[in-house]
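Each chain, letter by letter, is given below.
Number of protein chains: 2
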Amino acid sequence: MTLNPADDTLAARLRDRLDRRAFRDLAPRYLEEPRGTWVGRAGLVVAPSDVEEVSAVMAAAHAARVPVVPYGGGTGLVGGQVVPEGPAPLILSLERMTAIRKVDPVENVAVVEAGAVLEDVHRAAEAAGRLFPLSLAAKGSARIGGNLATNAGGVNVLRYGNARDLCLGLEAVLPDGRIWNGLTRLRKDNTGYDLRNLLVGSEGTLAVITAAALKLFARPAGQGTALAVVPDPRAALDLLALARDHVSEAISAFELMGGEGLRFLEETQPEIRRPFDPAPDWMVLIDLGLPAGIDPDTVFETIFAEALERGLVSDALIAQSAAQADAFWEVRERVPEANRLIGSVSSHDISLPLSNLPEFIDRASETVAGMGPFRINCFGHLGDGNLHYNVFPPKGAPAADWRGQAGEVKRAVHDLVHELEGSVSAEHGIGRLKTEDLERYGDPVKLEMMRAIKAALDPQGIMNPGAVLRG
Amino acid sequence: MTLNPADDTLAARLRDRLDRRAFRDLAPRYLEEPRGTWVGRAGLVVAPSDVEEVSAVMAAAHAARVPVVPYGGGTGLVGGQVVPEGPAPLILSLERMTAIRKVDPVENVAVVEAGAVLEDVHRAAEAAGRLFPLSLAAKGSARIGGNLATNAGGVNVLRYGNARDLCLGLEAVLPDGRIWNGLTRLRKDNTGYDLRNLLVGSEGTLAVITAAALKLFARPAGQGTALAVVPDPRAALDLLALARDHVSEAISAFELMGGEGLRFLEETQPEIRRPFDPAPDWMVLIDLGLPAGIDPDTVFETIFAEALERGLVSDALIAQSAAQADAFWEVRERVPEANRLIGSVSSHDISLPLSNLPEFIDRASETVAGMGPFRINCFGHLGDGNLHYNVFPPKGAPAADWRGQAGEVKRAVHDLVHELEGSVSAEHGIGRLKTEDLERYGDPVKLEMMRAIKAALDPQGIMNPGAVLRG
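Residue numbers (our numbering), protein chains in the order written: chain A, 6 to 476; chain B, 6 to 476.
Keep in mind the hints are simulated off the structure, nothing from the lab.
Below, computed lysine to aspartate or glutamate pairings styled on DMTMM-like, alpha-carbon distance capped at 20 Å:
#1 459(B) <-> 181(B)
#2 415(B) <-> 371(B)
#3 400(A) <-> 342(A)
#4 107(A) <-> 426(B)
#5 107(B) <-> 424(A)
#6 451(B) <-> 57(A)
#7 144(B) <-> 342(B)
#8 459(B) <-> 453(A)
#9 400(B) <-> 272(B)
#10 451(A) <-> 441(A)
#11 451(A) <-> 57(B)
#12 107(B) <-> 426(A)
#13 451(B) <-> 181(A)
#14 400(B) <-> 286(B)
#15 400(A) <-> 272(A)
#16 415(B) <-> 444(B)
#17 107(A) <-> 424(B)
#18 107(A) <-> 125(A)
#19 459(A) <-> 453(B)
#20 144(B) <-> 100(B)
#21 451(A) <-> 181(B)
Simulated restraints, written as ranges between beta carbons of each label pair:
#22 316(B) <-> 310(A): 41 to 47 Å
#23 297(A) <-> 131(B): 27 to 33 Å
#24 327(B) <-> 306(A): 28 to 34 Å
#25 307(A) <-> 142(B): 35 to 41 Å
#26 186(B) <-> 303(A): 44 to 50 Å
#27 128(A) <-> 326(B): 44 to 50 Å
#28 236(B) <-> 24(A): 48 to 54 Å
#29 134(A) <-> 326(B): 32 to 38 Å
#30 134(A) <-> 275(B): 41 to 47 Å
#31 335(B) <-> 310(A): 37 to 43 Å
#32 326(B) <-> 307(A): 24 to 30 Å
For every residue, glycine included, the Cβ atom is placed at its ideal position computed from N, Cα and C.
Excised from the complex, chain A in its bound form (with noise of 0.2 Å):
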């Protein structure tokens, strides 16, 4: 179906209907995604105040058949928030509706407006005294309506899910600008398709997500975080069950680190403190939240005890303040910095069984190690099965000079995923990035029920065209 591009009639149109604050001006930020491979049309960017606007903006633009791509943090990793070809989009942004309507400590719930920064709403929770663990790098400027659009994971899917489980009800906006309610706030409700889920991870493909309804928990008593050097990770994987026999589901955080990423972060970032020194091959940061009454030390000695004996740890630093902690947090936190100024010839946010994990490791670094001397950064969510496997070029040699074989080593990396039974998008989505790959390792019955359920709910495809599936 042909669309038509957002033009001053649909402009003048939406002045008749939306106040003159919704009318933002062109700014860069939004037609840039983070890894710059896409630059986005150049558009009408409009921002409602609530979700009577947004439905009025829906309708004009299904009326007028011009395509709309939902704007949130603009932080999104596979170019979901621009359309860089067809007709001029509307670019809608979630910017002004913004609002934490409410947090209820006794339901453990925060109903939130779509547009709500991801940082600040761990905020309002805290001031509650309680816990939104949706956690990743870009909270600072995440909202919460693309995190849902994306699904997004990040460090706590371990013990408290992706952003889908932290999600309770929804309100979302049509194609044609219907509103649907569905901003419940209860723990069961078995009245009917879910809805809620097939709306969240459809990054903006079917529905304008306008609020939600959080799930909050209560804080864990007591909380601590230790590194430990493990030989693979095998071990890493053998001593995350080892803990699970102690603390079951108290693990909030298993990072696995390979010895790669912490020489890179002391290539581009030496400031940052070396706990283990020389960098050991493969180490884990491990974060634990207990209940009262139980000591976070205690419960890592007696953890550390068994696994040096078992071989699986050889050496073991815990927290002694949280201040410490934080520490161990930024060598984390700080390889995607590093990665970022070395500059990678491809990067894969992959996840597998786990089972199969360690084989992937083994297979895909001899795989790459055929193909050039590359330097391979392993790191991310072990405890999810979800690494980022990311590839670089020989120390020295800029990423531009290698980048020619950047496809060649993305197929071979992904056909492994494959092969393992995993998934070649693990937390970032499938956007523009990954359509492709869709296609080819995604089920032909899979992508049928898509296209089916795409054209029953947005059938003119005005929706994030060229989003997740392509025309």
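Using the hints, position chain B against chain A.
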């Protein structure tokens, strides 16, 4: 669209494709449901042995436009398992697909066929030192496919979530016989729309679930069970919040029982030991699952001491053995049997936002009292906001004498639930029992979206016609 009966022509076609063992006698159980509200139309019963046979059956039914009802354990409480009207249906039983294909304690995953009985999955997980936490009264006969199709709840939802939260991947057959292979074991997978959650809870109206990958958990190192007398439901909620401040998500179950239910037990099953005599007005049953190194008794004592001081609890018993814990649970688990023996006028499986729950209990009891000399047994999964709010005739009077008021009582209770932002089906589903309620109380745009999705995935309307959405 007119559907055709499952006739001899279809049977003959299926005989060409399926082994003779796939054809079952039309035993009464295929046409009955536990509440006796409906009797299914006699039809053709087939029990395929694998997904390819399910695919062949669906392709044949699709070609012949014959209605199909997927049949699991037959334990559903809303009539979703029988087709009482229209052309004779094809009853597709999963009873021969019971394999537990894989139990992996490292991945914490079980892969099972849809016909596996819930209790068998429990046993398989336990044999591997793991826990599959979905637990409900019908666990000895309910099958996993049905548990997922209805998004079953039960007693451990507070900690581990509903059936949908325990499912990582699905294999399913679409109405036209296409097989969707979505049997992933991944914790993170953001490759496209969430079809898994769309099928979970769709009550056999979109596809036939044939297998699932399920989440397993470490078995908590320390378990504890206690009963506490509370002055009212509001105090029970405060007690829950207090307990959470101490042990966070380590509370596995938090069940409310009303005095009337306890008196029903005395009346119908006097052999059950009474924990408190006389029966208190309100009582809660609490299960804890704790990490190693922390004693459940000490935790309960600390919590109850503070609760006594704050007037939230007036008496409490901490189980001193596994046998005593079982005895406490028996009190809770025999309540539904007492209800059946007494015979209700109207039963309601409802949920409310926790903050509105005490108001609901107060106002509902006033409303019902105004309608006649009814007795109310209010009990359920308080931590989830899920009450089984059941209305009974006066002592000694048969329920049949009061059934004339059933519609009026139900309407009043459901109206109040809706006013207080609750759900009229918390865990049992819509089935055939609540299609009218869904139309009355459901968001109209939600219903339109559901119909659009149903039409997209089951264009002929052969899947479980009349369930969830009326024609």
